[in-house]
Amino acid sequence: MSIKWDMVVFLIGGVTYAMIEIMWRGNTHWTMVLLGGLCFLTLYKLFGYMSNYSLIEKCALGAIVITALEFIVGCIVNLTFHMNVWNYSRMPLNLSGQVCILYSTLWGFLCIPINFIANKIRKVAES
Numbered sequence: 000m001s002i003k004w005d006m007v008v009f010l011i012g013g014v015t016y017a018m019i020e021i022m023w024r025g026n027t028h029w030t031m032v033l034l035g036g037l038c039f040l041t042l043y044k045l046f047g048y049m050s051n052y053s054l055i056e057k058c059a060l061g062a063i064v065i066t067a068l069e070f071i072v073g074c075i076v077n078l079t080f081h082m083n084v085w086n087y088s089r090m091p092l093n094l095s096g097q098v099c100i101l102y103s104t105l106w107g108f109l110c111i112p113i114n115f116i117a118n119k120i121r122k123v124a125e126s
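Each residue of the sequence shown is one higher than the last, beginning at 0 in numbering that gives the first Met the number 0.
Everything labelled a hint here was simulated from the structure, so no lab data went into it. Mixed in with the good hints there might be a few duds.
Think about it this way: if two alpha-carbon atoms lie no more than 27 Å apart in a straight line, the pair counts; the simulated BS3-like pairs of lysine-lysine are [what the hints assert, rightly or not]:
1. K44 x K122
2. K119 x K3
3. K3 x K122
4. K3 x K44
Cβ pair distances, simulated, as ranges [what the hints assert, rightly or not]:
5. R24 x H81: 31 to 41 Å
6. K122 x I2: 28 to 38 Å
7. I21 x F80: 29 to 39 Å
8. N86 x N51: 16 to 26 Å
Note that CB positions come from ideal geometry on N, CA and C, so glycine has one too.
All chains, please: the whole structure from these sequences, using the hints.
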């Protein structure tokens with residue numbers, strides 16, 4: 000896969016996540032475009048290597064990957080730079096207010112359409 004396709008995948012993920020966030024909570028932040036792009040590109044590549052894995056396995060791993068990236072970015076943008084993009088500290092089972100079990104579960108479900116879209120993009124990129 001070329002750098003051009005990596006950029007396309009990154010942009011699709013970033014823009015799509017920003018739109019989902021606007022629909023979910025009414026606003027977004029430019030850092031969420033970057034995080035969404037990074038998550039989608041990472042899962043795109045990871046799921047490409049996992050073609051023989053079940054959808055449940057991909058969703059479980061995807062939830063872990065997205066949660067880990069969200070925690071890292073949250074520590075940078077929220078805790079270090081005090082940008083206050085999100086705060087899960089009122090949610091049960093949160094870690095430093097940056098990730099929580101509810102959203103980790105939602106990220107797992109979000110991996111269902113991510114897997115489908117990634118497969119479609121992969122077919123186009125390989126043709």
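Verification of the supplied hints:
1. K44 x K122: The given pair, whose Cα atoms are some 13 Å apart, holds under the 27 Å limit.
2. K119 x K3: With Cα atoms ~16 Å apart, K119 and K3 stay inside 27 Å; holds.
3. K3 x K122: Distance ~15 Å between K3 and K122 Cα, so the pair holds.
4. K3 x K44: Distance ~14 Å between K3 and K44 Cα, so the pair holds.
5. R24 x H81: 31 to 41 Å: Given about 20 Å between the Cβ atoms, the range is violated.
6. K122 x I2: 28 to 38 Å: violated, 19 Å
7. I21 x F80: 29 to 39 Å: Since the Cβ atoms of I21 and F80 sit about 22 Å apart, the hinted range of 29 to 39 Å is violated.
8. N86 x N51: 16 to 26 Å: violated, 39 Å
Of the hints listed earlier, those the structure fails to meet are numbers 5, 6, 7, 8, in rising order.
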